[in-house]
Amino acid sequence: MNNPIDPFDELANDELFQELRAFAATPVPEDAQVLAHLVQEFRGVKALPSHRWLKRLVIPTVTIVIAVPSLAYAGLLPERVSTDIKQIVHTVSTAVSKPIVAISNTISGNSNEPKLNSTPLTSASPDASPSLVPPTLSSDENSSDGTSSGSEGETQNNQSEDQQISVVANTPANSPTPPPSASRSSSATHTPTSAPSHSETPHKVSESSKSPIAIPSPNGSRSDSEADDENENRSPAPQVSRSSQESEESHRSPSPSSSTQSRTPRPISSPSSSSRERESEGTRTRSSATPTSIASPSATQHEDD
Amino acid sequence: MSDSGTNGSLPDNAEEVLSAALKSARNGNENGFTTLWRFHNSRLTRFVQSKLYGSAIDADEVVSETWLNVARDIHSFKGGPTEFAAWLYTIARNRIIDAVRIRDRQVRPTAELEEAFWIPSPSTVEKEFEGSESVKRIVEAIQKLPPAQAEILLLRIVSDLSVEETAKIVKKSSNSVRVLAHRGLTSLKEILGGEQI
Chain A
1 MNNPIDPFDE LANDELFQEL RAFAATPVPE DAQVLAHLVQ EFRGVKALPS
51 HRWLKRLVIP TVTIVIAVPS LAYAGLLPER VSTDIKQIVH TVSTAVSKPI
101 VAISNTISGN SNEPKLNSTP LTSASPDASP SLVPPTLSSD ENSSDGTSSG
151 SEGETQNNQS EDQQISVVAN TPANSPTPPP SASRSSSATH TPTSAPSHSE
201 TPHKVSESSK SPIAIPSPNG SRSDSEADDE NENRSPAPQV SRSSQESEES
251 HRSPSPSSST QSRTPRPISS PSSSSRERES EGTRTRSSAT PTSIASPSAT
301 QHEDD
Chain B
1 MSDSGTNGSL PDNAEEVLSA ALKSARNGNE NGFTTLWRFH NSRLTRFVQS
51 KLYGSAIDAD EVVSETWLNV ARDIHSFKGG PTEFAAWLYT IARNRIIDAV
101 RIRDRQVRPT AELEEAFWIP SPSTVEKEFE GSESVKRIVE AIQKLPPAQA
151 EILLLRIVSD LSVEETAKIV KKSSNSVRVL AHRGLTSLKE ILGGEQI
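Line by line, the protein sequences give chains A and B.
Numbering (this note's numbering) for the first sequence: 1 to 305.
Numbering (this note's numbering) for the second sequence: 1 to 197.
A hint or two may mislead.
[As the list claims (entries may be wrong)] Lysine to aspartate or glutamate pairs mimicking EDC-like chemistry, simulated, CA-CA at most 16 Å apart:
no.: 1; chain 1: B; residue 1: Lys172; chain 2: B; residue 2: Asp73
no.: 2; chain 1: B; residue 1: Lys136; chain 2: A; residue 2: Glu19
no.: 3; chain 1: B; residue 1: Lys189; chain 2: A; residue 2: Glu19
no.: 4; chain 1: B; residue 1: Lys189; chain 2: A; residue 2: Glu30
no.: 5; chain 1: B; residue 1: Lys23; chain 2: B; residue 2: Glu83
no.: 6; chain 1: B; residue 1: Lys23; chain 2: B; residue 2: Asp73
no.: 7; chain 1: B; residue 1: Lys189; chain 2: A; residue 2: Glu15
no.: 8; chain 1: B; residue 1: Lys189; chain 2: B; residue 2: Glu140
no.: 9; chain 1: B; residue 1: Lys144; chain 2: B; residue 2: Glu190
no.: 10; chain 1: B; residue 1: Lys171; chain 2: B; residue 2: Glu83
[Said to hold, decoys possible] Here are the computed distance ranges between Cβ atoms for each label pair:
no.: 11; chain 1: B; residue 1: Ser19; chain 2: A; residue 2: Val89; range: 36 to 44 Å
no.: 12; chain 1: A; residue 1: Glu15; chain 2: B; residue 2: Glu15; range: 28 to 36 Å
no.: 13; chain 1: B; residue 1: Glu133; chain 2: A; residue 2: Pro29; range: 18 to 26 Å
no.: 14; chain 1: A; residue 1: Ala32; chain 2: B; residue 2: Asp104; range: 27 to 35 Å
no.: 15; chain 1: A; residue 1: Val89; chain 2: B; residue 2: Lys172; range: 42 to 50 Å
no.: 16; chain 1: B; residue 1: Lys172; chain 2: A; residue 2: Ile88; range: 18 to 26 Å
[Stated by the list, open to error] Facing chain A, from chain B, some residues (calculated, C-beta under 7 Å):
no.: 17; residue: Trp67
no.: 18; residue: Ser134
no.: 19; residue: Leu192
Source of the hints: derived by calculation from the structure; they are not laboratory data.
Positions of the beta carbon are idealized from the N, C-alpha and C atoms, including for glycine.
Required output: the full structure, derived from the provided sequences and hints.
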């Protein structure tokens with residue numbers, strides 16, 4: 001629609017607007033990163049909405065904390081979880097336009113925790129891996145699907161707690177004063193009375209790994225059961241008897257108790273989730289599964305002590 | 001792009017190039033999408049910057065959001081280059097409206113907070129206008145116009161869109177666009193003449 005009468009050009013071409021036109025014609029510097037990001041979006045890879053905002057933040061390094069079950073720290077990631085994590089890392093790396101140089105195992109600054117967990121697991125892997133790892137992995141995948149639906153949601157929520165609780169288990173072994181995060185999680189999950197009963201409970205545990213389960217199970221008194229967990233983890237006494245067996249059990253938590261894959265996930269998440277564990281405590285013997293993963297790090301430490 | 005809608009220094013076969021790029025982008029070809037982005041991004045950015053001048057909104061963020069929308073939805077887009085330009089600027093207008101709404105809902109950070117944390121501020125927009133006081137004055141004068149006139153002037157002058165494209169974006173007839181543009185320019189001249197540029 002060419003309109004020769006249109007006065008717009010005549011007016012707009014006035015000198016007054018020449019600078020504005022020149023400004024408008026000035027090309028904006030091409031941002032290759034933005035373009036690359038857009039192309040990713042074009043390909044269908046989901047991008048973070050505020051990538052420009054993220055990109056502008058000068059972040060020397062990027063730390064991604066992903067709550068995963070303890071066994072994952074040993075490099076025994078289930079394939080599916082591993083894929084998810086890779087996707088997350090890729091997405092974040094793209095969004096911030098920075099390479100993710102390393103994935104830290106550290107959570108909440110407890111740098112010892114992953115080492116404690118991963119080291120024994122890795123070292124034990126030669127022995128246990130054939131029997132333990134495969135069920136653990138498969139069970140881990142099943143844990144979200146196979147276990148009771150009620151605990152399913154909790155499982156995800158408690159994963160972060162898992163790490164905290166494993167820290168709780170580790171911390172006392174190292175030093176009498178647990179870190180704030182550990183104390184918080186323990187206080188939230190356990191009754192304060194659990195602390196004084198440490199000396200006794202652990203002995204029961206040390207006698208047999210299943211005995212403590214029988215105690216809490218009837219009423220499902222969770223504070224007691226949790227206290228048992230703590231005691232098992234904290235008390236050096238049980239370590240002696242358990243060190244040989246349970247340290248292995250801790251890694252293979254599922255294997256001794258045997259069997260069903262539904263149980264296997266527990267060792268992974270069990271140390272953590274206070275609520276979930278307590279629910280299941282009444283129903284099944286978690287002694288073999290739950291404490292083991294927690295106890296493993298502490299057990300090794302106690303042995304060292 | 002007829003009626004002075006040249007969109008900068010376009011080659012003669014720009015229409016064909018854009019049509020081909022649009023077609024290939026719709027079919028999932030990244031090169032097509034990249035061509036469209038390279039062609040429109042500067043003008044779109046200038047338009048958003050002019051529109052958001054002094055608004056404390058990050059213009060680049062709005063532009064990015066606009067292109068993200070395009071990247072997601074271009075597969076289902078139907079139309080030619082003219083329609084695409086209209087679609088692109090319509091998205092940008094909507095993103096600007098969203099950004100203004102979000103800004104109005106937010107509590108303005110104090111100066112101390114802005115210093116303590118790096119907050120994208122109008123400086124990111126105004127930075128673009130640094131060094132050209134006359135451009136700044138023109139943009140500020142445009143913002144004093146009635147919104148419809150101001151927007152049409154920006155689309156016509158800054159984005160260099162045709163009357164037809166502008167009409168589609170602002171959802172008015174071509175004649176209305178012409179009239180509003182003419183009135184806007186006349187008023188603008190009066191304002192700028194009064195300021196004695």
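These are the hints, each one checked on the structure:
| no. | hint | result |
| --- | --- | --- |
| 1 | B:Lys172 x B:Asp73 | 24 Å, violated |
| 2 | B:Lys136 x A:Glu19 | 10 Å, holds |
| 3 | B:Lys189 x A:Glu19 | 14 Å, holds |
| 4 | B:Lys189 x A:Glu30 | 33 Å, violated |
| 5 | B:Lys23 x B:Glu83 | 13 Å, holds |
| 6 | B:Lys23 x B:Asp73 | 13 Å, holds |
| 7 | B:Lys189 x A:Glu15 | 11 Å, holds |
| 8 | B:Lys189 x B:Glu140 | 13 Å, holds |
| 9 | B:Lys144 x B:Glu190 | 12 Å, holds |
| 10 | B:Lys171 x B:Glu83 | 13 Å, holds |
| 11 | B:Ser19 x A:Val89: 36 to 44 Å | 39 Å, holds |
| 12 | A:Glu15 x B:Glu15: 28 to 36 Å | 30 Å, holds |
| 13 | B:Glu133 x A:Pro29: 18 to 26 Å | 22 Å, holds |
| 14 | A:Ala32 x B:Asp104: 27 to 35 Å | 34 Å, holds |
| 15 | A:Val89 x B:Lys172: 42 to 50 Å | 48 Å, holds |
| 16 | B:Lys172 x A:Ile88: 18 to 26 Å | 46 Å, violated |
| 17 | Trp67 | 5 Å, holds |
| 18 | Ser134 | 5 Å, holds |
| 19 | Leu192 | 6 Å, holds |
Of the hints listed earlier, those the structure fails to meet are numbers 1, 4 and 16, in rising order.
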